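Student: Spelled out, the chains give:
There are 2 protein chains.
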Amino acid sequence: MTVAHIQDISQYEGQNVTIRGWLHNRRSSGKIHFLMLRDGSGFMQAVMSKAAVGDEIFTRADHLGQETAVSVEGTVRADTRAPGGYELDVSGLEVVGPSADYPITPKEHGVDFLLDRRHLWIRAERQQAILRVRHEIIRGVRDYFDSRDFVLADTPIFTPSACEGTTTLFPVQYFEDTTAYLTQSGQLYNEANAMALGRVYSFGPTFRAEKSKTRRHLTEFWMVEPEVAYATLDDAIDLAEGLVVSVVERVLDRRARELKTLERDTSKLEKVKAPFPRISYDDAVKILHDKGMPFEWGGDFGGPDETAISDHFDRPVAVHRYPSAVKAFYMKPDPNRPEVALGVDVLAPEGYGEIIGGGQRLDDYDLLLQRIREHKLPQEAFEWYLDLRRFGSVPHSGFGMGIERVVSWVCGLEHVRETIPYPRMLYRLYP
Amino acid sequence: MTVAHIQDISQYEGQNVTIRGWLHNRRSSGKIHFLMLRDGSGFMQAVMSKAAVGDEIFTRADHLGQETAVSVEGTVRADTRAPGGYELDVSGLEVVGPSADYPITPKEHGVDFLLDRRHLWIRAERQQAILRVRHEIIRGVRDYFDSRDFVLADTPIFTPSACEGTTTLFPVQYFEDTTAYLTQSGQLYNEANAMALGRVYSFGPTFRAEKSKTRRHLTEFWMVEPEVAYATLDDAIDLAEGLVVSVVERVLDRRARELKTLERDTSKLEKVKAPFPRISYDDAVKILHDKGMPFEWGGDFGGPDETAISDHFDRPVAVHRYPSAVKAFYMKPDPNRPEVALGVDVLAPEGYGEIIGGGQRLDDYDLLLQRIREHKLPQEAFEWYLDLRRFGSVPHSGFGMGIERVVSWVCGLEHVRETIPYPRMLYRLYP
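So the sequence lines, in the order shown, correspond to chains V and L. The opening residue of the first sequence carries number 13 in this note's numbering; numbering runs sequentially from there. The opening residue of the second sequence carries number 13 in this note's numbering; numbering runs sequentially from there.
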């Protein structure tokens with residue numbers, strides 16, 4: 013018995029194989045059952061005729077519920093009308109695990125109903141396509157950095173102090189008498205790692221106790237954060253641009269079938285080529301004013317502002333040199349104009365907003381200490397971070413890219429909740 | 013000005029280049045300074061003669077502290093006596109960032125002293141070698157699964173309930189009135205993902221609030237966990253064996269220099285070839301008895317037991333069919349002998365103990381429900397997990413491999429605390 017995976021089915025044309033999977037759906041027309049099978053690697057139609065399998069098996073197939081686990085034997089036949097180009101002419105069927113009253117039927121369901129059944133919802137063709145694109149994006153990100161000799165250096169999830177204030181931190185009871193906080197970013201540690209290993213990146217989950225219920229926020233999300241010793245703001249923008257182009261090209265190249273399942277307009281993604289427009293915060297404010305939007309110089313952009321700015325371009329746009337006052341304490345001020353910081357955000361097109369944030373870090377000991385005090389941060393917790401400026405400080409830059417936002421954009425989704433197998437949100441901790 | 017990375021230095025023989033890095037150490041002999049440079053990609057000796065650079069630069073170099081950030085210009089010269097095969101004849105030196113009284117000197121330091129300065133300790137050659145081997149192992153693991161068409165499906169860090177009891181769980185205050193727990197394993201979710209995508213793996217941090225202070229435990233550690241629909245216990249052992257062989261071969265092949273830095277006896281690693289011995293729990297107990305060790309059938313192996321069993325073999329050993337009573341509720345009993353479970357542990361040689369644990373999962377609804385009740389687990393929290401047996405249950409198997417334990421074994425370390433950039437332990441949350 014040859015067990016074939018549906019994704020490899022073209023290798024078995026004319027052969028007798030067994031598909032082990034599940035009955036995705038079924039329709040019947042007189043003496044033929046059309047069984048849509050799925051085995052995790054793909055979807056494929058199996059054609060069962062009463063003449064080929066006999067009365068008993070044929071009648072049994074009449075009553076198979078959606079998601080019944082089945083082992084189906086048959087001959088692979090090329091058929092240009094079939095979605096994958098092949099069908100299976102069934103000669104035998106065995107029920108491995110029954111299924112009755114599967115809750116997710118082909119009819120429409122509300123999103124809360126589906127999220128409560130996320131462990132089953134991921135069996136749907138569309139959800140599988142999203143998760144495969146997610147995997148491809150993650151592989152693309154890792155290959156991009158690995159092929160450039162970056163060292164993956166994991167940063168801790170348990171941190172003793174806050175990177176940017178404590179209101180959005182999740183506290184953890186760390187044994188009897190200590191409180192740890194879940195990381196919001198590996199950046200500070202990446203800076204230490206870059207001083208050791210030169211070019212590094214972290215890739216892991218990060219956490220934000222944000223009470224907002226927007227389509228862009230999860231409480232638990234994955235971030236990749238590269239950091240490079242001796243790199244400037246422009247180097248960081250080059251690196252970010254190369255990363256985004258490389259990842260989008262890879263998904264277009266390797267996940268065309270999934271993008272088709274998602275009905276993604278790929279012509280929009282094909283425009284994602286270097287060079288990206290690079291505009292200053294001042295330029296971005298001017299775009300808003302030209303569109304008649306009220307915005308005062310000095311503030312941070314909100315979602316609608318980001319959408320308006322990115323709508324101005326057909327590819328991602330890098331917006332740099334934000335007012336220092338709205339950016340984190342560790343950002344290096346522009347030496348030519350200290351009221352702005354050498355930071356950058358990359359905004360995705362089609363209204364998807366910020367996918368990358370980063371810039372050049374403050375490498376001067378005295379100024380960093382001053383900033384820590386101005387921000388009323390506990391200096392003691394940052395002594396190790398100050399050490400990086402005490403012992404051989406160098407210019408360095410990096411950024412963070414949120415995986416779920418990139419998946420959401422590349423797949424063309426309405427909401428980030430479908431970009432991860434088990435989304436965690438304000439009111440969502442199950443399953 | 014050509015900026016060269018030390019790891020690529022052989023490409024620049026005879027050329028004038030700039031190395032941007034740090035002064036690792038320095039010794040002087042009359043009119044020559046020997047400067048050991050590091051730039052994150054490697055270590056390289058730079059030779060500065062007074063004749064070549066003049067009095068002023070030469071004298072300045074007299075006072076450079078360890079870890080001073082320097083940009084050094086010079087000509088690359090082949091020298092068979094040099095560790096990397098090349099030296100730099102210095103023509104110029106610029107101090108980028110000063111460093112005085114660097115705390116980690118070439119003398120011996122206590123491990124607590126070093127762990128308090130972990131952000132600096134990782135600059136040491138030995139620590140860099142470990143972190144590069146870690147990266148190579150992680151790449152090897154991912155490539156192994158990706159090349160076999162597994163889908164990476166991330167499992168949640170925030171979980172609503174405990175997989176195996178609550179005493180070793182870290183509680184998180186999840187907004188006002190909810191408690192979440194940090195994941196100890198993605199397995200239950202992987203099972204749901206395997207029912208959707210066939211062959212899946214998760215790769216992420218896991219957490220265990222273990223109060224023990226052993227050389228094998230961290231509170232925060234990384235695990236890879238594959239899960240395969242329609243796979244049996246033997247399939248899982250095959251997969252685990254292939255993974256371990258592939259990862260060890262890759263490190264031997266690509267990280268020979270790092271293993272040399274670590275003074276690892278690579279002849280031990282070269283013996284890690286398939287097939288691994290596969291013995292039953294009963295056989296393992298017999299080994300202990302033959303060695304005169306007291307051990308009663310029915311218990312779980314402790315560290316010394318694992319060491320005694322694995323010392324019996326020159327390569328990893330798979331121990332299968334443990335007593336059901338000591339294993340998790342979701343393990344499938346052996347149909348031929350229900351008092352043992354279809355579980356497997358893989359023990360590394362040289363006393364490193366368990367690196368992999370897994371097996372075949374219980375796929376029968378009634379028996380799973382009975383086990384949940386026997387273990388007094390809250391059934392409501394496991395309804396989604398029971399759904400996997402309600403709707404098309406199939407045989408399935410998988411395992412988890414702890415990354416830090418593998419790094420510790422491959423590098424030949426005494427303690428897992430050096431296997432991760434920022435180890436978290438009972439009394440260790442800083443830096």
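Since the hints were made in silico from the structure, they are not lab data. The structure displayed is predicted, hence computed values, not measured ones. Hints should not be assumed to be uniformly reliable.
[As the list claims (entries may be wrong)] Where chain L lies over chain V, by a calculated footprint (3+ residues, C-beta under 8 Å):
| no. | stretch |
| --- | --- |
| 1 | 105-112 |
| 2 | 157-164 |
| 3 | 216-227 |
[What the hints assert, rightly or not] To list a few chain L residues with every Cβ distance to chain V over 10 Å, as calculated:
| no. | residue |
| --- | --- |
| 4 | D91 |
| 5 | A94 |
| 6 | K283 |
Yeah, the Cβ is synthetic: ideal placement off N, Cα and C, and Gly gets one too.
Student: If you check each hint against the structure, which ones fail?
Tutor: none
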